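Asks: Given the coordinates of chain A, assemble chain B onto it according to the supplied hints.
Number of protein chains: 2
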Amino acid sequence: MKLSGLIALGVLAAQEVAAAPAAKTLKQGHAHGRKAMVDIINGKAKSKHYANGTTAATCSDSNATSITAPRKNIWASLTGIEASSVVGWLFDQPELNLTAAENATSWDNTILLVEVMAPNKSDALPYLNGGCKTAPTRYAHVVLDNRASDEPNFQDILVGPLPLNNATISWEPLTFPYNKNNNTGKVRSLVADDDTLQSDWLAVIGASVADITLDLWNGTAMGLNNDTLDIWGIDPLWQEDGRVIRWDTFWNIPTDDFDAETLLPLGLFFKSDVTGRDPSQWSLEGWLYNDIFYNTTEEFRAAYYSPGFVKLGANVEGDWVRTDRTGPDEKFDERYPPTMIQPAGARYAVDKSENYVEWMGFSFYISFNRDTGMALHDIKFRGERVLYELGLQEALAHYAGNDPVQSGTSYLDTFYGFGPYAFELVPGYDCPAYATYLNSSFYVAETTHTHVSSICLFEYDADFAMQRHSTSEYVSVTKNNYFVVRSVSSVGNYDYTFTYSFFTDGSIAVEVRASGYIQSAYYANNGDYGYQIHDALSGSMHDHVLNFKADFDILGTANTIQFMNNVATSEVYPWSNGKARNTMKVTRSVLETEDDSRFDWAPNMQTQVLVVNQDRPNKFGNPRGYRVLPYTGTAHLTVQDSSNLGNAARWAEHDVMVTRQKDTEPRAVHAYNSQDVNDPPIDFSKFFDGESLVQEDLVLWLNLGMHHVPHTGDLPNTVMTTAHSGIQFMPSNYLEGDASRFTRSQVRIQYSDGVTSNVETFGQKDTVCELDFTPIEPDLYSYTGDVVIRKFPYNPNNPYYETDSVV
Amino acid sequence: MKLSGLIALGVLAAQEVAAAPAAKTLKQGHAHGRKAMVDIINGKAKSKHYANGTTAATCSDSNATSITAPRKNIWASLTGIEASSVVGWLFDQPELNLTAAENATSWDNTILLVEVMAPNKSDALPYLNGGCKTAPTRYAHVVLDNRASDEPNFQDILVGPLPLNNATISWEPLTFPYNKNNNTGKVRSLVADDDTLQSDWLAVIGASVADITLDLWNGTAMGLNNDTLDIWGIDPLWQEDGRVIRWDTFWNIPTDDFDAETLLPLGLFFKSDVTGRDPSQWSLEGWLYNDIFYNTTEEFRAAYYSPGFVKLGANVEGDWVRTDRTGPDEKFDERYPPTMIQPAGARYAVDKSENYVEWMGFSFYISFNRDTGMALHDIKFRGERVLYELGLQEALAHYAGNDPVQSGTSYLDTFYGFGPYAFELVPGYDCPAYATYLNSSFYVAETTHTHVSSICLFEYDADFAMQRHSTSEYVSVTKNNYFVVRSVSSVGNYDYTFTYSFFTDGSIAVEVRASGYIQSAYYANNGDYGYQIHDALSGSMHDHVLNFKADFDILGTANTIQFMNNVATSEVYPWSNGKARNTMKVTRSVLETEDDSRFDWAPNMQTQVLVVNQDRPNKFGNPRGYRVLPYTGTAHLTVQDSSNLGNAARWAEHDVMVTRQKDTEPRAVHAYNSQDVNDPPIDFSKFFDGESLVQEDLVLWLNLGMHHVPHTGDLPNTVMTTAHSGIQFMPSNYLEGDASRFTRSQVRIQYSDGVTSNVETFGQKDTVCELDFTPIEPDLYSYTGDVVIRKFPYNPNNPYYETDSVV
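Listed in order, the protein sequences are those of chains A and B. Quick note on UniProt numbering: the first sequence kicks off at 1 and runs consecutively. Quick note on UniProt numbering: the second sequence kicks off at 1 and runs consecutively.
Keep in mind the hints are simulated off the structure, nothing from the lab. Everything hinted at is true.
Straight line, CA to CA, 25 Å or less: simulated BS3-like cross-link-like pairs of lysine-lysine:
| id | chain 1 | residue 1 | chain 2 | residue 2 |
| --- | --- | --- | --- | --- |
| 1 | A | Lys331 | B | Lys380 |
| 2 | A | Lys619 | B | Lys311 |
| 3 | A | Lys331 | B | Lys352 |
| 4 | B | Lys133 | B | Lys662 |
| 5 | B | Lys72 | A | Lys331 |
| 6 | A | Lys72 | B | Lys331 |
| 7 | B | Lys331 | A | Lys765 |
| 8 | B | Lys765 | A | Lys331 |
| 9 | A | Lys352 | B | Lys331 |
| 10 | A | Lys380 | B | Lys331 |
| 11 | A | Lys380 | A | Lys619 |
Treat the numbers as computed from the prediction; the structure is a model and nothing was measured.
Next up, chain A with everything else stripped away, as it sits in the complex (with noise of 0.2 Å):
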C-alpha cells in the first residue's frame, strides 16, 4: 500500500487510531476531516507524582485520602484481562472472519473497539440502591470495522457476559440503543477506502495539477514523502441523491514543529464522486478557484493559462503561526505568578480502584470511554443521587463559507473520539500541581494504552466569597472552595477542557473551553463569513454545539420539569384602591410531555427551569429540585436543518431537550452518525414520541456552544476567555438553607468602636502544619505521553503497564 504525503507529517484521525494495523498504526494518514490529529506516542510507563512537585507538606500528605466506595464502579473500563480476553475469543468465531490489525488491508474484518458496555439503568438501579447486591453482568462492547464485502460496514456487538468463560460467553447484534430504519447494528462506513483514496486519488490528482501548485505555491501533493503540501476537505462527505461526493483543497505543510495547517489553506478545491469501492467509477467532478467553477481539470487548465486569469496569495508559515513567546515585555512577567497551593493536604478522597470520589458531602463515580471520553455517575450529595449520570454526548462544529470545504464541514467529534484524545494534562498549567492525576485507557488495534494522568481531581479556592455580610457590629465571610473534575481532549486542531465543578452551596456546573488553532479559510470572496485575519486567510465561522446528557434523579427517579416565569403582569390589589398597578408575578407550569420538550432558555432569562420531584415536597409544599440554567453562556446550533447534517445532529437544534429515560436511549448519538447521516444509527429526534414527562424517569440533553467568528484575537490560537461556555444546576427548595452552612472555612468577625473583640474560625485548623513552597515549575520532564498495554494474550505476570488509577 502507497503511503500518502501525510506519513511524514504523523498526521493521524481516530479512525486509525481505532482500524489501523498496531505495527504501521502511526503511519496511515486520512483523507478527510480532522487534521492533524496527533501520534499515539508508545512509551513507557512511568510513576508520577505532581502532587509533590511544587509543594513540600511537612506533616500532611497533600495526595487525596484513599477511601473504598461504597459500590463498584460499575461503569469502570474493561481491564487488560478482560479486554485481551474478549479480543482472543472473538479471533476464534469464525463467522466474524476478523484479520488482525496489522496484517489487514482494506478488505478485511477488523476490531476496531473494544470497552465496557455501560450497564441499562434498569440493572444499575437496584445494585445502586441496595436492593440488589450483585452488580450487574459486564459485558464488553465490541465495534467491527467489517471491511471485507463491497458493502463495507461498522457494526456494533455485545460480547459476554464477562469476565469470559467459554461455556457460556457469545456475541449478538447490538441494535437496541440504536434507531435507525431497518436496525441491524450496523451502519455503512464511507471510510473503507481512505488509504486507497488518499494514494490512488488525491495524491494523483495532485499530480495532475502539479505543474499549477507548483506555478502558485511552489509546492506538491503528490503522495511523495517530500510533499510540501497537503490535500484534505470536508466530514462528512455529502450524501445525496445515493451519491458519496466529497470536496477537498489544498494547505501548506509547515515545515517546522507547530501545528498550524489549519491556518494555511489555498485555495483551490476540487469536487469527486467517490461512491462506492471501485475507485475506477469515481469521478473528479470539477474544480473551484477565486470562486469560479471549472468542469474538468482541461477547462480549469485552460483558464489558468489564459491571459488574464487571477492568481490569489498564499498562507503562508511565519511567526504569526506560532504559539510561543512573542510581543512586549511587560514589567515582573518574569516573576513567578500567584500560584494556588495545598497547604494542609488534600481535603478529598478517592477510591483509585474504583475511580470514586469523595468532596464536602458530594460523592460520584467516573468513566471513561472512546465515544466522549470521562463521564460521571452517581452524582450524590449528603447521600441523594442528585445525578444518575453527567457526560458529554457529541461536539459539533458547523462551518459555512461561500467554498465547499468550509460550508461542507459539519465535524461531529465523537467520529474521531474523545477518549483517545485526552492526552496527559500539563500540571501547574491545565490544572494545579497539587491535583491528583488519574489514568485513562484507550483501545487500539488489538492493544490497550493508557494516557496517564489524563484526568485530574482538585480543590480551588475561587477568589470570591460564597456568602458575606457585613453589619454594624459584625461581618460574616464564607470561603468559596470548589472541586474540580477535569479533562483535556485535542480532538485534532481545537483542545477542549472539559470542567466539572462541586460548590459547598450543593450547586454544580458543567464547562466546556476551546483552545487550540482555529480551522480557518482561504479569503476570497466571504466576507458574508468571517473576517479577513492574515494575508489570503479568513477566520471561518463555526458554531461549536456540545451536548451533554444530565440524567437527573431528584429524590428518586420520578421526577418533573417545573418553569417558573417571572412575567409582568397588571394587578388590583384590595389594598391598591381599585387601580391597577405595573408590576411582576410568577406563573407555573409543568412540562407534560415530548410533544413540547425541546425549548430554548427564555428571553432575558425570565423562566426557571426545574427539575423536580413533585412527590417530595418541602416542609412547605414546594417540591424540591434543582434549577438548570446557563452558567457562562450557551448557544445552540444557528443553521436551520443544515445540508451537511441531515439527521445525524438533531440534537442540536435547541438549548434544553427533556425525554423519559430509557434503557434503549442511552446515547443522543452514534460516534458514526456521520456515515449515514440522512439515517443515522441514533435520530435524536426520534427520542420525542409524546410521551408523558410528568413523575417519570427524566434526561435533560443540554447544549453548550459558542457561535465563533474568528478575528485577530483567534491567532495563533484561540484563548479560552473567548471560547467558553457552561451550564448549572443548583439546589432549589432543596434543602432547609444554604447547604454551604456546613463549612468551617468561614469567619465570624464582632467588633464595637474600631476595636475586634472576637473573631471566630469555627475550628477550622490553622496552624496543622508548615511547608515550604519553592516557585518552581513541576518537573516537566517527566512528562509523557500514551503507554501501551500489552495486547492479547494478556499475561498477567508480565503487564507492560497497568495501574490501579486507570479507569
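Replies: Relative to chain A, chain B alone:
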C-alpha cells in the same frame, strides 16, 4: 426629639449618614427603606499590611511596586484640606443659611455632601492626551439638605475653584448634568421629617394597636427603647395625584447579634398619607391583614376582636436566620483549604498617591464617590485608551408581592450610597491576604471618614489555562493569570461584591455578586410572588438590575456600534449544482442613531455587539474594536412601566443602551431620583433624542442583573453562586494577534516516543526566592471599621487620620 425604637438597634440609613448631626448621627432612626443600615463606627486608625499576613517572602516584597502615575488622578477625592476648606467657606455664605449638623433641627439647612466634582470629559481629554499640561480645575460638588422651608429640597451646587482662594471662590447651582423639568439643581425632599415621622407618627400608630401587637406577637412598637417590634415600609414613597403615600409593616427585632430583621416580617400593614410638613395634616388611611383591607383602625380592631378572625403565625428568630456554621461535619473540612499565594511578590505597580495601577500592559486610575463607590478611569491597554470611564450608575432592587410593602418596594440604592457602605474587606475571605488594600473616604456631617482597606487589588491564577494545544510532538499551555479590583458595599441587608477583572488577552470583565440577607415577605396568599420558605415566610421575588457606564474610546473618541449577526440562510453557490444549501452567514449593520439605541441581547446570542472605530481599520480593512457581551448572565427589569418607579429608572428597561457622550449627561441617574419619581433630577429616557451615533463619542449603559425568586437555599443568606451577573469586553480585530502571547507564564514541552526532550519556559524565573507559608489566618483582630478625619477647620499639623491611599 424623641428617639424611635430603632435606636437600640443601631439601625441607620444612608440618609442619616449624610444628614444628621455628627455627635448623634448614630442614634437616628430612619422610617423607610433599606433596613438594618450599618452604623458608622468611630475608631482609631491603624496601619495594616495584610499582604504579609500569611506569607513571608524571603527575597521579594509582596507589596506592589510603587510607581509614579503619568498624570494626576483628576478624579481623586477631595483631600481633607480641600473638603474642610470648602465647608468652612460655605458656612460663611449667609444666603445659604447653614447650620452645623450637630446643631441642626429638621427645620435647618445642612451640608449633606462635599466631594470632588468629576471634570467634564471635554476638559479632561486635553490633559490626559498631553495637549494641555495642566489638569482641569478642581471643583467641589456639594449637596445641601435645605429643610428650613415648607418645601424642603436637596440642592446640588458647585464650589470652586480649588484649592480655595477667598478671592476667586464662588458657588453656583449645579444644573448642567440634570434634565428635570424647570431644572434648578434642586429636587424636593420627602425625608425631611423622617425623625418626626418615626417618633410622632409611626410610633404613635404602633402604640395605638399595642393591644393587638401584644396579642399577636407579644411585642410592641411604640418608640421605646424596649420595643421588640419595628415598623418600616416602602421605598420610594407613592407619589400620585400630588399626594405622598407610605405603606409600612411590622417586623420582629432580633434579640441576638444577627442582622436578620428582614427575615422577620409580621404581616400587618398600614397606609399613611404623609403629604406636606405638617404632621397634623397626615392621615392614617387603612390597615391590611391577611389580604383584607380595613379603612380605619377602629374597623380593623372591631374585626380583630370579632369571632372567627383568623390570626396568622409570626416569623421568629432562631438558628435558621443565623449565618454561623451549622450542618454536617464533612470529612477534612477542618483542614486549611487551598489558598492562593503570591510567591515571588506582586507583579503589578501602584501609585497610591494617585490611585493609579499598572498590570501587564493595562493601566487605569481609581476614583471613589458617595453615590456609586469605586469607578475606574482612563483604562488603557498597551498605551491606548480603551475606556475613558467604567463604573456603577445605580442598583435597582424591584420587589413584587400581594402585599403593599413588597409591591411598593423598588430600592434605588444610590439614595443610600455605595460609598458610605464600602466597609473594610476581610483579608483571606473577600480578597487574598496578599492583596493590596486601599482606603476610601466618605463625608458625613462636616467630617470626612475613612473606610480602611475597602478596595483591594490582586493578581490571581484561574483554575484553567488561557491557551493550550496538544500535538504528537509538543504541548503548549499558557497560564491564565488575571488582575482584580474589588470593592464590597453592604447596602442594608444586601452585600454587593463588585469586581473588575483584567486578562492577558486584553479582555476586561465587570461582575457583581450579591450576598447577605434577603428582604422577605410575610407568607399569606402570595404564592404567585415567591415560595414559602419558612413558617410564615415568603421569599419575596425581586429583580436586581445594576447599571454600569462604559464610556469606550477605541483609538480615539470617534466610535461606532457594529452589529454582526449570525443568521441561518439558504444559499445557492457557484459550486452547488444550482441547489440551495441550508447554512449560515454573517450580516453586519451599524447603529445609526439614538432612536434605535436601546436594545436587548439577541436570542441565542446570535448578534455580536462591537464598539469599533471605523476610521481605524486594521491592515485587513476591518475596524479595530472591542466586543461587549454577557459573561455570567445578565437581566433587565421584568416589570414594564413600573408603578413604583415612574421615570426614575428608565435605564433598567433594556440590556444595552447607547448614547452620544456629553458633558451634560455624565450620569444615568441622580441619587435622589426616588424623591420625585415622575419628574426626577435625571430621567434617563431623555438622553435619547435621535442623535447620530456613527463615529461619535459613545457611551454604553449596560445592565447586569438577576431575577431572584428566593427559595429555602437563600436562608440565612443568599450565596454568590445564585446571585451573580457579569459583562465582558473582549478585543475584536484589535491587535494583529492574541495579546496573551506576551506572557512568560507559558510552557512548551517537546516530546517523542514517550520522552520529553525540551521544556521551554520562556524566561520565567522559577527560583527567585523561597518563602515559608504557614496556613494561618491573617490577624483578623486588626480588623477595625471606620476612621474619622477631623472636621473643619482642618489642621494639617494634627490630622486625626490621613493616608496617601485614600481615594
